[in-house]
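Number of protein chains: 2
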Amino acid sequence: MTANTPLHRLGLVEMLAAIEARRCDAADIVESCLDRIASVEPALGAWVHLEARAAWLARWQRFRSSHRDLPFHGLPMGVKDTIDVAGMKAERGSPIWRGRVATEDAACVARLAAAGLQVAGKTVTTEFAYFAPGKTRNPYHLDHTPGGSSSGSAAAVAAAMVPVALGSQTAASVIRPASYCGIAAHVATVGRFSLRGVMPLAWSFDAPGVLARSAADLERVHAALAGETAPPTAPPAPTRLLAFDARAFGEVDPAMGAAFESALAALARRGVDIRRPADPKAGAAWPALHQRWMADEAAQTLAFETATAPGSMSDELRKLVQDGAAVTPAERDELQARHDGARAEFGALIEGCDAVIAPAAPGPAPAGLQATGSPFASRPWQLLGLPQVALPLTRDAQGLPLGIQIVGRARSDRHLLGLARWLEREMGWWWLPPPGLDRGSASGARIGAPVFVCRHAQRV
Amino acid sequence: MTANTPLHRLGLVEMLAAIEARRCDAADIVESCLDRIASVEPALGAWVHLEARAAWLARWQRFRSSHRDLPFHGLPMGVKDTIDVAGMKAERGSPIWRGRVATEDAACVARLAAAGLQVAGKTVTTEFAYFAPGKTRNPYHLDHTPGGSSSGSAAAVAAAMVPVALGSQTAASVIRPASYCGIAAHVATVGRFSLRGVMPLAWSFDAPGVLARSAADLERVHAALAGETAPPTAPPAPTRLLAFDARAFGEVDPAMGAAFESALAALARRGVDIRRPADPKAGAAWPALHQRWMADEAAQTLAFETATAPGSMSDELRKLVQDGAAVTPAERDELQARHDGARAEFGALIEGCDAVIAPAAPGPAPAGLQATGSPFASRPWQLLGLPQVALPLTRDAQGLPLGIQIVGRARSDRHLLGLARWLEREMGWWWLPPPGLDRGSASGARIGAPVFVCRHAQRV
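Protein chains in written order, with my numbering: chain W, 192 to 651; chain E, 192 to 651.
Hints listed in this document are in silico derivations from the structure and should not be mistaken for laboratory results.
The beta-carbon is built from N, C-alpha and C at its ideal position, and this holds for glycine as well.
One thing to keep in mind: the hints can contain errors.
To be verified - To give an idea of the chain E side of the interface with chain W (calculated C-beta under 7 Å), a few residues:
hint: 1; residue: E295
hint: 2; residue: A298
hint: 3; residue: A498
As the list claims (entries may be wrong) - Pulled a few chain E residues facing chain W out of the computed Cβ check, cut under 8 Å:
hint: 4; residue: D296
hint: 5; residue: G382
hint: 6; residue: Q491
hint: 7; residue: A494
hint: 8; residue: P520
hint: 9; residue: Q527
To be verified - Think about it this way: if two alpha-carbon atoms lie no more than 20 Å apart in a straight line, the pair counts; the simulated SDA-like pairs of lysine to any residue are:
hint: 10; chain 1: W; residue 1: K280; chain 2: E; residue 2: A293
hint: 11; chain 1: E; residue 1: K510; chain 2: W; residue 2: A305
hint: 12; chain 1: W; residue 1: K280; chain 2: W; residue 2: A245
hint: 13; chain 1: E; residue 1: K280; chain 2: W; residue 2: R291
hint: 14; chain 1: W; residue 1: K280; chain 2: E; residue 2: T294
hint: 15; chain 1: W; residue 1: K510; chain 2: E; residue 2: A305
hint: 16; chain 1: W; residue 1: K280; chain 2: E; residue 2: G278
hint: 17; chain 1: E; residue 1: K280; chain 2: E; residue 2: E242
hint: 18; chain 1: W; residue 1: K472; chain 2: W; residue 2: A539
hint: 19; chain 1: E; residue 1: K280; chain 2: E; residue 2: K326
hint: 20; chain 1: W; residue 1: K280; chain 2: E; residue 2: V292
hint: 21; chain 1: W; residue 1: K280; chain 2: E; residue 2: A277
hint: 22; chain 1: E; residue 1: K280; chain 2: W; residue 2: T294
hint: 23; chain 1: W; residue 1: K472; chain 2: W; residue 2: G448
Given only the sequences and the hints, what does the whole structure look like? Please build it.
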């Protein structure tokens with residue numbers, strides 16, 4: 192970083208390094224993030240609940256006085272409003288739960304809080320993490336969607352309000368907004384982490400996700416979630432990657448298609464063996480299978496709201512529940528058989544490869560705030576319950592981010608995050624701050640001399 | 192049933208038949224159950240929260256006036272206190288959550304309420320569905336444990352306070368208390384039903400369970416949970432059963448061993464082919480594998496309580512969390528590999544068989560209320576995530592019930608419940624009311640002439 196880099200722009204690992212090298216205090220970073228929130232939140236609408244600055248600082252000081260030595264030093268995180276935080280509102284993007292206050296921390300929040308991340312507030316979600324959007328805008332173009340359902344978490348991290356935010360994914364709710372907002376994200380293997388305190392949508396696919404500005408940051412947060420203390424090892428270089436260009440799943444934007452092929456060519460030049468499925472239609476049936484199964488489970492999950500407040504559900508959500516209620520036992524058996532088949536097919540395809548590489552979304556964030564974009568590029572991987580990491584790849588002609596993702600075998604999250612760290616370092620797939628949001632920004636604290644070397648800021 | 196059978200003693204299906212044949216009104220059954228609760232609850236302690244009679248009847252009448260036509264006619268059910276019911280306390284067997292009131296129905300509660308079962312109250316659970324017991328006594332011998340963790344649900348159904356109750360199982364928390372209390376129970380395939388609103392313990396093994404007085408009753412409740420409306424088909428006869436005598440898992444009581452072998456001989460006489468694993472130690476490693484994996488997940492699940500109120504956790508629970516926190520990434524990989532191996536081993540063993548048949552517990556309910564008995568007879572099946580149905584088999588010399596269970600392939604719940612219905616009908620494995628609890632019992636409403644034919648009551 193240069194001497195002039197505002198502290199809120201640092202990645203999480205960079206913030207920790209700066210604190211540990213006594214270049215700044217955690218309090219300086221917290222102040223800088225709060226300034227940044229005050230400055231850009233009116234334009235972005237990433238938050239649904241933010242504690243007043245004075246109250247937040249008072250709580251933070253209490254935490255600091257007793258927990259100064261925790262690994263994350265009390266740095267702030269955002270938490271999607273479908274995830275409970277004790278004493279904070281958790282309205283789930285639905286008028287049905289307006290005013291609901293959670294009485295306990297979700298397991299993922301408790302784990303991260305125990306490691307020293309402090310909740311700055313709750314971020315905007317679509318209705319019950321499904322489709323009906325909230326108020327959030329894309330930091331790279333205010334008239335475009337940030338993606339959903341973890342809309343506010345993605346925008347808050349992309350705009351450097353907080354270094355990290357929690358989300359959850361059932362179809363594409365973390366990887367897609369990360370791609371649209373030009374940041375990194377990790378969706379955990381389904382079943383790897385507790386979902387206590389996270390509003391479910393379809394439990395066979397629900398997984399917690401972390402959004403941050405680099406794979407190195409994601410790796411650090413993953414270690415805390417997993418309760419691991421060993422330092423990260425040197426990132427492994429991929430030998431062979433299985434490329435899915437996503438055209439079997441749906442229509443891919445030409446700019447995304449070109450950027451993806453160009454990334455594959457660059458990887459090949461670095462000596463990575465790029466394989467492709469022999470059948471270009473491989474996996475074409477997976478998105479529809481995921482959609483139908485998800486509807487079946489959503490109808491069960493939302494039984495209480497369906498019984499007590501159907502008039503307060505959006506048309507889209509009511510249709511999801513109706514679709515799910517129509518699944519018969521015979522169809523459920525058939526879905527199960529097809530699911531088993533998809534797993535076996537994927538197992539054969541991935542044989543000998545380190546991971547899948549694929550576009551993280553069909554294209555850049557679509558214009559408009561009435562919808563959050565198509566989830567088809569993530570449905571296949573969520574169907575299979577696999578860990579996924581998105582990285583910012585490049586931007587299109589309008590300056591909108593385009594993301595790339597890698598997908599690993601079940602429970603290979605640590606290895607996958609290592610591969611992602613290699614990719615970001617060797618390929619330069621880094622977050623770049625959204626232009627145009629800095630006008631009128633409060634300056635925030637800045638690092639003084641001596642200059643601290645920071646990969647991100649070198650490109651800023 | 193004879194003309195003198197109290198209504199509360201009928202099974203759920205019998206109650207529905209009596210209502211539909213206009214032999215009685217649902218109100219008569221509700222009154223009879225409330226009388227029975229008032230009479231035997233002081234001795235048994237099955238409930239942790241019971242609404243006052245007048246309030247319950249008023250709520251029930253409001254329900255009835257608008258929902259008279261629902262399949263279950265507003266009949267009462269018990270709900271384990273780890274499962275949320277909107278507006279009712281849900282204290283999870285822990286002082287940490289004393290006074291906690293749930294704001295929403297668990298998905299399983301919402302589904303059954305939508306079909307017309309009404310919650311009569313919350314039943315006693317051990318602390319967070321783990322080991323530390325509540326106040327409940329065994330209806331067959333007040334100085335013996337009812338088993339856990341679904342202690343109150345089992346006792347309430349066994350003592351004919353309600354025809355059905357909800358529980359949950361992570362190790363043996365439904366099948367064992369059902370066995371100790373001489374009733375039937377179904378644990379669903381892990382992942383088949385939503386666990387929204389159910390306090391988790393270890394999500395890879397947590398499953399909802401239903402406790403009732405017959406397999407026919409369980410089948411009817413399962414259909415409602417699954418949102419199915421088709422009437423049950425004729426129960427299928429088993430052709431070949433795989434017998435696990437449980438001695439590979441732990442020490443089996445001689446009375447249980449003898450009763451189990453006698454049941455197998457009776458099945459063989461009925462033409463059922465009884466197979467046994469070629470290796471008598473097959474599965475011997477499964478209980479310990481389950482125990483270790485469960486500890487790993489419990490440490491995550493209970494992160495909030497561990498951080499905020501460790502002093503209010505029992506020694507047993509703290510030890511579980513400590514054990515889990517010690518699991519390393521390398522050990523987790525090893526557990527995963529062993530789990531995959533156990534699934535493959537079981538798949539080979541069950542080949543060609545309709546189901547497993549096994550003792551439902553190591554023996555009769557142990558004396559004393561300080562512990563809830565050993566879970567080893569259920570750990571293997573919960574490790575594999577399989578559906579299980581327990582049936583009352585016989586009683587030991589002291590009059591304590593001994594249960595038997597069948598275990599099916601994943602997601603074969605409907606077929607398994609059909610097999611169980613065949614077994615109860617053909618083998619006579621029925622609930623028998625606990626003796627000695629009727630002295631001083633309020634009489635309750637009784638069926639008038641003409642006499643309604645009832646299998647249960649014929650043996651009462």
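These are the hints, each one checked on the structure:
About 5 Å separates the beta-carbon of E295 of chain E from the nearest beta-carbon of chain W, less than 7 Å, and the hint is met. Annotation: A298 of chain E was flagged as interfacial toward chain W, and the flag holds, the nearest CB pair being 5 Å apart, inside 7 Å. Satisfaction of the interface hint for A498 of chain E is found here, the shortest Cβ-Cβ separation to chain W being roughly 5 Å, below the 7 Å cut-off. The beta carbon of D296 of chain E is positioned within 8 Å of a beta carbon in chain W (closest approach about 5 Å), and the interface hint is therefore held.
Proximity of G382 of chain E to chain W holds as hinted, the smallest CB-CB distance being about 6 Å (cut-off 8 Å). Below 8 Å, beta-carbon pairs count as interface contacts, and Q491 of chain E has one with chain W at about 4 Å; its hint therefore holds. Hint on A494 of chain E holds. Least Cβ distance to chain W is approximately 4 Å, under the 8 Å limit. Look at P520 of chain E: its Cβ gets to within about 6 Å of chain W, closer than 8 Å, so that hint holds up.
Evaluation of the Q527 of chain E hint against chain W yields a held restraint, the C-beta minimum of about 6 Å falling below 8 Å. Taken as a hint, the K280 of chain W and A293 of chain E pair is honoured in the structure, with Cα atoms around 15 Å apart against an allowance of 20 Å. A hinted pair counts as satisfied when its Cα atoms are at most 20 Å apart, and K510 of chain E with A305 of chain W qualifies at roughly 19 Å. Under the criterion of a C-alpha separation no larger than 20 Å, the hint pairing K280 of chain W with A245 of chain W is consistent with the structure, at around 18 Å.
Restraint check for K280 of chain E and R291 of chain W: satisfied, since their Cα atoms lie roughly 17 Å apart, inside the 20 Å limit. In summary, the hint linking K280 of chain W to T294 of chain E is supported, as the alpha carbons are separated by about 14 Å, within the 20 Å threshold. Between K510 of chain W and A305 of chain E the CA atoms are separated by roughly 19 Å; this keeps the pair inside 20 Å, and the hint holds. Among the hinted pairs, K280 of chain W with G278 of chain E is consistent with the structure: their alpha-carbon atoms are about 19 Å apart, no more than 20 Å.
Between K280 of chain E and E242 of chain E the alpha-carbon distance is near 10 Å, which keeps this suggested pair within the 20 Å criterion. For the suggested pair K472 of chain W and A539 of chain W, the alpha carbons sit about 15 Å apart, so the restraint of at most 20 Å is met. Distance hint between K280 of chain E and K326 of chain E is fulfilled; the C-alpha atoms sit about 17 Å from each other, no more than 20 Å. A threshold of 20 Å between alpha carbons decides the hint, and for K280 of chain W with V292 of chain E the separation of about 16 Å falls inside it, so the pair holds.
A hinted pair counts as satisfied when its Cα atoms are at most 20 Å apart, and K280 of chain W with A277 of chain E qualifies at roughly 18 Å. This hinted pair checks out: K280 of chain E and T294 of chain W have alpha carbons roughly 13 Å apart, not beyond 20 Å. As the CA atoms of K472 of chain W and G448 of chain W are separated by approximately 16 Å, the hinted pair is consistent with the 20 Å bound.
Checked against the numbered hints above, the structure violates none of them.
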